[in-house]
Amino acid sequence: MTTAAIIGSVSGIVMTVGGVWGGQRLVEQRGGGVLWKGLAVLLIVGATVAGFLSPVPALPIVNESIRNLFFHVPMWFAMIMVLLVSVWYSIRYLREPSAQLDVLAHESAKTGIVLGLLGLATGSLWARYTWGAWWTPDPRLNGAAVAMLIYGAYLVLRGSFQDEQQRARVSAIYNIFAFAAAIPLLFVLPRLSGPSLHPGQTGNPGFNQYDLDNTMRKVFYPAVIGWILFAFWVAQVSSRYVFLKLKHDDK
Amino acid sequence: MPVLLREISTLLAKDFRLEWRQRAALGGLLLYVGSTVFVCFLSFSLRGGTPPPPAWNALLWVILLFAALNAVAKGFMQESAGQRLYYYTLVRPQAVILAKMLYNTLLLTAVALLGLFLYTVFLGNPIQDAPLFVANLLLGAVGFATTLTLVSGIAAKAGGNGATLMAILGFPLMVPMLLLLIKVSKNALDGLDRGLSQQSLLTLLALNMIVGATSYLLFPFLWRG
Chain S
0 MTTAAIIGSV SGIVMTVGGV WGGQRLVEQR GGGVLWKGLA VLLIVGATVA
50 GFLSPVPALP IVNESIRNLF FHVPMWFAMI MVLLVSVWYS IRYLREPSAQ
100 LDVLAHESAK TGIVLGLLGL ATGSLWARYT WGAWWTPDPR LNGAAVAMLI
150 YGAYLVLRGS FQDEQQRARV SAIYNIFAFA AAIPLLFVLP RLSGPSLHPG
200 QTGNPGFNQY DLDNTMRKVF YPAVIGWILF AFWVAQVSSR YVFLKLKHDD
250 K
Chain X
0 MPVLLREIST LLAKDFRLEW RQRAALGGLL LYVGSTVFVC FLSFSLRGGT
50 PPPPAWNALL WVILLFAALN AVAKGFMQES AGQRLYYYTL VRPQAVILAK
100 MLYNTLLLTA VALLGLFLYT VFLGNPIQDA PLFVANLLLG AVGFATTLTL
150 VSGIAAKAGG NGATLMAILG FPLMVPMLLL LIKVSKNALD GLDRGLSQQS
200 LLTLLALNMI VGATSYLLFP FLWRG
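Each protein sequence line maps, in turn, to chains S and X. The first sequence: position 140 = 139 (numbering that gives the first Met the number 0), numbered continuously. The second sequence: position 222 = 221 (numbering that gives the first Met the number 0), numbered continuously.
Next comes chain S alone, as it looks inside the complex (with noise of 0.2 Å):
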């Protein structure tokens, strides 16, 4: 590893933290928020019309279909930072449990569930004008699928319970074990299984930093963060609604 990559690691690592542990303060947040719920807007409106009409390099296979970049990965990027804050509720829960942990960590993961799929949908249409076919069995698609599986089956269990604290604390329980135990891998099998079509992936040309040239990182990044930032305004908002739905309910 050379020095470059360790700074880049570590530095990666320093924004995840700082994202959830800012992206639980947005959505939390109660009133206000005019400021970056305006900023989401207009990263991702900003993002979206550069996206369509800024130059893009001409490169093989991905030519002018590289635009996707723009909307098919800050969607990922987005999806595991609301999962991630997702997860830390779930910590959270199971350390002091409270129907408001429960309620956020259940709201941030199907945000987090309506990313993926969306970012699906896009890499699919995506794959179907670029390689021809809606859907390969490539390792990076069966692991977009198989974290979609996960929870999905989080759903399933939240649903088979009557009792709701038993629901909040297995399915916190559940939710930190299917986190741990296969989210990690889908960054790490699809560097291990060799060939791969996917952009980025052995050689193949496209979303790796180094074929990023400048105008396209300049759409790219705010694009990044106007998605993470709309994902927590989506999760604060039908978190607040469900915490409406329980006062309402109470009455």
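Don't read these hints as lab results, they were simulated from the structure. Here the structure is a predicted model, which is why all the values come from computation and not from measurement. Glycine included, C-beta positions come from ideal geometry on N, C-alpha and C. Some hints here could point you the wrong way.
As the list claims (entries may be wrong) - Some, not all, of what chain X presents toward chain S, calculated at C-beta under 7 Å: (1) L149; (2) I153; (3) A157; (4) L164; (5) L168; (6) P171; (7) V174; (8) P175; (9) L201; (10) L204; (11) M208; (12) V210; (13) T213; (14) L217; (15) F220.
Fit chain X to the given chain S structure using the hints.
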């Protein structure tokens, strides 16, 4: 001997004794493996002989996967809530999960080896690198046991349709593991250079450790209810 080890060995002995007393469950498991292998044999004998290596590999893992699900599923589910409460007063939860994982590992290792034996007897033996194949099989048995033990505990908590829930919860978690296992066993079947399998084997080992450690940490919370 430290308390934890003593508790684990007592629980392990209890599990073996229970299994021996209720031989129906064990017999059912063996019959399950035997009959699936026999069905495979019958259907392939229609085309006169043994399946091609890829089909051989796929069927072996399907049989082992479902045998593992059946074997582990009864672990926590056959215990009543009263029994659990009784254990709770006697031993610490870490001992319960470690003993259960150890027991399931031993059970699945036996099932896997027996399954492989029957399978090679009936469907031929295309394996070119037997030591690697068996080592991978054992890693698979350990991996199935560690992953499914906590899952069966979770499914048992939900009550009702525990076995179905266990399949739903367990399968997605086992897919990454299965991908690695099937890849290495294909390499062993074809007698490819062992260096090609090294990384996957190491990942499997690391995965087993992660799963074991998270089960150890999470089980006390599951038990508290």
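*Give me the numbers of the hints this structure contradicts, sorted from smallest to largest.*
Of the numbered hints, 9, 10 and 11 do not hold.
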